[in-house]
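A.B. asks: Spelled out from the first residue to the last, the chains are:
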Amino acid sequence: MLRYIVKRLLWMIPIILGVTILVFTMMIFCPGDPAEIILGSTAMEADLAAKRVELGLDKPYLIRLATYISDVFFHFDLGVSWITNVDIMSTIADRMPRTLILAVVTLVIAFGLGIPLGITAATHQNKWQDHVSMVLALIGVAIPNFWLALLLIILFSVKLGWLPAMGVGTGLAGIQYYILPALANCAGALANSARQTRSAMLDVIRADYITTARSKGVAERQVIIKHALKNALLPIITTMGISFGRMLGGAMIIETIFSLPGMGSYIIGAVNNRDYPIVQGGSIMLAIAFSIAMLLIDLLYAAVDPRIKAQYASSKKRKKVKAVA
Amino acid sequence: MSENEVRKNVPFLSVKDLVVEYKSDGQIVHAVNGVSLSLEKGKTLGLVGETGAGKTTIAKSILRILPDVGAKIAKGSISLDGKDVLNLPENEMRKIRGNVVSMIFQDPMTALNPVQKIGDQIAEVIRLHSDEYTDFEKRAKEMLEIVGIPAERYSEYPHQFSGGMKQRVIIAIALACNPTLLLADEPTTALDVTIQAQVMDLIVDLQKKYETALLLITHDMGVVATVCDDVAVIYAGNIVEYGTKEQIFDHPTHPYTIGLFGAIPDMNEDEIWLHPIEGLPPDPTNLPQGCAFSPRCKYAADECRKEPISVYKTPDGHDCRCCRINEISTQED
Amino acid sequence: MRKKVLALLLCAAMTASVLTGCGGKADNAGSTAGGESGTTQEASGTEQAEPAGESAVQETAQVEPSTTLSDKEVNIGYGTVIDSLTPFRANVANDSPYFVQLYETLGVLDGNREMQPYAAKSWETSDDGFTYTIEIWDTISDSAGNKITAADIVWFIEESKARALKPIFAKVDSVTQTGDYTLELKLTDNKFGTIDTILMDVFVVSKAAFEASSDEFGSSVVSTSPYVCTEFTASASISFERRDDYWQDIENLPECVRPLQKKVNYKLITEASQLGIALETGEIDMAINIATETGSQFVDNDNFVVDLSDGRSGWQVFFSGADTSPAANDVKLRQAICYGIDAQGLIAGLCSGYATQMWDVCSPFTVGFNENWKNESYYDYDLEKAKALLAESDYNGETLTILSSSSATASRLAQLLQNYLVAMDIKCEVNSVDMALYTSIRLDGTQYDMVINTVGEYSLADNWSIRFDPAAYATGDATSRHDYDLAELIYKTWTLDGFTEENINEVHEYLKESAIAYGLVNPQLFTVWSKASGLSKAVTGARRNYIVPSACQFE
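Chains as they are written, first to last, in this note's numbering: chain H, 2 to 326; chain U, 509 to 841; chain A, 69 to 623.
Honestly, the hints are just simulated from the structure, not real lab data.
Glycine included, each C-beta is placed from N, C-alpha and C at the ideal position.
A partial selection of chain A residues facing chain H, derived with a Cβ cut-off under 8 Å:
1) VAL149
2) ILE150
3) ALA158
4) LEU233
5) ALA238
6) ASP283
7) THR301
8) ALA302
9) THR338
10) THR349
11) SER508
12) ALA542
Turn these sequences into a full structure, and let the hints guide you.
C.D. replies: Here it is in structure tokens:
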């Protein structure tokens with residue numbers, strides 16, 4: 002198992018390297034003169050030329066690529082923003098945790114509500130609970146999240162004053178700043194998790210081992226939670242992974258509405274301003290975060306299903322057998 | 509079926525006029541159409557019939573583990589040791605399942621929970637039906653040894669066992685609490701022939717040891733011949749012939765039963781063609797009026813197609829649901 | 069069947085909610101789900117440009133400047149975020165109000181747009197603005213106790229020049245310390261405004277304190293300001309508290325930088341509607357520079373005071389000077405277009421009435437603007453005259469291209485312009501491009517016939533040098549024009565002595581006659597505060613003359 006984890010971590014390196022090279026190369030082809038962006042529209046020719054040399058824009062592509070890669074991987078230096086001259090790595094270190102917390106809180110709410118909803122729908126298939134649950138899920142997918150965000154703000158912040166509408170806070174009390182954004186963000190993931198749970202549970206409930214469990218005299222509730230749900234978890238975990246990945250980059254609208262300074266607003270702002278170092282650095286960090294998340298998901302698979310765990314552990318044994326034969 | 513006056517003891521299991529229907533796509537599937545049978549402690553009843561005849565449904569009805577959606581026990585009664593089972597509250601029923609009555613399933617590959625250790629699956633049924641002083645793990649390990657699996661394999665998962673061993677685990681689960689009635693639903697169908705013999709021996713040994721009543725569902729006449737005391741032949745949800753093993757094997761009366769025996773190839777003869785029963789089993793949503801076998805029966809007459817057939821007694825005293833047994837025996841002779 | 073009914077119901081629900089979002093005046097909630105600004109109010113009495121700091125909406129008696137320090141804590145909302153507090157920075161966001169509390173500068177603009185001594189006691193030139201002798205106060209110390217000497221100022225200027233983040237420091241030829249508290253600054257030119265900009269951009273920082281900081285003051289600052297930055301969450305909030313060991317006496321400070329409030333907390337909220345909501349819920353007492361759609365919702369609200377002031381830059385259109393463009397050498401065509409643009413229409417269509425017309429290519433806020441120009445007519449809308457001039461011009465049905473950036477305001481403005489041109493039977497198309505592309509082609513006059521821009525430098529001289537100086541860029545001036553007559557007039561205003569009303573007027577007249585550029589519309593700035601905050605005197609100052617919360621007087 003440990004070997005599997007190490008192997009996966011080692012695989013991450015070429016992947017991140019590939020992302021870096023790809024992003025760097027694409028940015029070279031984008032229009033816009035970095036010197037002009039940095040110095041603004043009032044700069045003179047001489048200043049612009051000097052800046053170009055300073056940035057190394059006159060060097061050949063491979064040298065620039067090599068410099069960039071060595072900066073990123075050996076010095077952990079993602080450069081500075083062209084517009085504000087602020088160090089990108091430290092800004093990301095500030096902002097990434099916020100995006101991660103938002104994603105995690107969103108997932109907790111989405112799956113915490115979605116899984117029970119899906120189970121209810123599956124166990125009462127074609128009855129009113131099923132229809133109501135699935136309609137709720139449908140509404141969740143259909144509602145635009147910015148509309149929901151504004152409604153939540155009006156209700157919980159302006160009218161009731163229970164939760165803050167914007168910004169971030171420190172410490173444990175800071176979680177309250179994430180609740181409204183997470184609620185606005187979770188509608189889609191909630192719908193997906195409910196539907197996925199329902200369909201996975203329906204598959205599993207028909208299985209023979211569920212009949213075996215019932216024939217043993219296990220209480221229905223135990224049958225659903227201990228026997229059925231545990232087996233239905235695999236597709237649900239997959240959905241969780243996909244939702245998490247989407248949330249890492251895509252919470253931009255929510256971050257903008259709630260003034261949550263996270264990765265989404267950072268990168269989108271940089272794209273709008275043509276602040277390429279931020280786009281590059283942000284993409285790399287997101288790629289890393291995503292890879293780690295996928296690794297955790299795969300490990301979660303192993304924790305839930307012993308057959309997969311055996312697969313991970315035995316993949317090297319199979320190779321040995323081949324060599325001998 | 510009429511009461512079994514032949515039996516001297518009070519039967520442990522008594523099923524009377526059981527009717528079970530499924531609702532599927534708006535149509536009603538008549539799975540079981542008025543089945544009556546009974547079984548005493550320590551005895552074995554073989555339930556023989558083709559796939560889809562309703563055998564598994566009967567077994568699941570006894571345990572009341574029919575799928576919730578669509579299945580309905582429409583009529584009839586089932587009693588265990590004199591107690592009416594169909595009207596028991598669910599929590600009482602749960603005390604019976606796995607404890608007084610347990611079931612062995614047809615497909616061992618899918619009958620075990622893939623994410624739970626097999627030892628825990630055995631221990632679970634023990635834990636459900638014992639008090640807190642019992643050492644569940646110890647007892648589960650004992651069961652493993654009894655079915656021939658080393659106790660060290662307690663913590664392994666189902667995917668690490670072969671088909672035959674999985675079936676042994678299921679047998680262990682079924683017998684862990686010493687049930688009085690064991691429902692075995694084609695326990696060897698999915699296994700290799702060599703393993704079949706081992707598993708059947710195991711079941712029979714344990715049955716003798718614990719004096720368990722055994723309802724053996726099968727379509728293998730050979731197994732019936734070896735193991736059963738009584739035999740009931742099912743066709744389209746009806747018991748068409750019911751008697752002791754000797755009666756059925758020596759004097760099969762119902763055309764269907766005759767056809768079944770006829771279909772068994774004879775080792776001693778040099779035959780080119782097999783002798784199947786002509787035709788196909790009827791559509792359970794649209795059963796024929798009268799005798800369900802009449803479309804395929806070469807002895808069928810008009811009176812067979814009008815009304816449901818009642819049970820008649822054969823010359824040697826066993827039950828047969830055919831109105832033309834006299835004509836048939838004349839022809840056969 | 070059931071599912072179809074359900075789907076229909078949901079569609080109806082969505083349609084209904086979308087319709088409720090559009091139109092109507094939201095008098096309470098700041099929700100702007102409708103998207104477009106559904107309210108087009110005619111501004112009452114705000115047609116004329118108002119001097120900064122007062123408006124028809126707000127009643128201000130003439131309140132005397134105060135020297136009383138209060139214990140008040142104010143919460144301010146502002147829309148531009150920063151990620152770092154470092155004193156060596158680019159020009160981005162340099163007009164943010166919190167910079168007044170963060171660092172002290174050598175000089176500061178007061179509410180009348182005059183440069184006042186701040187950390188510098190005095191500055192003199194004996195050679196017409198090329199060399200300055202600057203004397204700083206001898207009592208300056210920062211919050212860590214470091215004493216500031218001229219060496220720190222010299223170091224700051226040299227370091228700024230080396231880092232080349234702000235173009236103004238490229239104009240420093242050399243700087244030398246001449247005494248403990250005096251230094252000599254040599255500039256490369258003596259253009260009006262250069263020394264002012266430098267005085268405003270030199271932050272007073274102790275070299276020792278800066279070098280002791282692990283991240284170059286990125287997240288926490290030691291400065292000489294009367295306020296200590298107690299909290300900074302990048303891009304979210306920044307808070308200040310007045311310190312007791314401030315080095316200067318309050319009476320010696322210009323009014324706009326007096327630290328009257330004990331605590332000033334800024335919440336950085338980028339989303340306009342959220343800024344409005346923060347005002348509603350009382351989370352902030354004042355929102356500085358709030359967007360028009362959100363700010364206009366507070367105009368009828370009795371709990372709030374809305375302060376309107378002239379925009380600092382305004383929007384202009386520049387005609388291409390490249391010979392390939394029909395407009396380049398055809399003055400009648402240009403004048404025709406200027407007459408054909410209805411400023412009132414732009415005010416209503418672009419800014420919902422919250423804007424003023426312009427009287428020159430620059431905003432009245434620019435230093436050098438002559439108030440008398442407001443009495444002149446500036447190509448007032450006259451479609452007949454426009455068509456007549458068009459007929460006299462050499463226009464032959466060519467399609468003119470209007471270049472604008474893709475920001476919402478710029479592209480909308482371009483479309484409005486297009487409508488006016490089409491009404492005059494001039495064919496034209498709009499080319500709205502994203503910022504990067506815009507920056508790279510805006511100087512190339514062959515790529516467009518008209519370009520929309522918002523130019524708002526400190527002084528007119530700066531405006532002109534970046535727009536109309538044929539020597540500025542390789543291709544000519546900012547639209548590839550080579551107008552040496554205009555250049556001569558402009559160069560006359562470039563020295564300290566030359567920046568006179570007379571010389572400025574000459575350029576203004578030339579620009580007006582030739583119509584090579586035209587001031588379109590100047591959106592007003594909204595600053596809104598709640599009456600509950602008790603603001604009795606709003607004090608403005610600093611680079612863009614915004615309200616300075618720390619210097620305002622409250623009841």
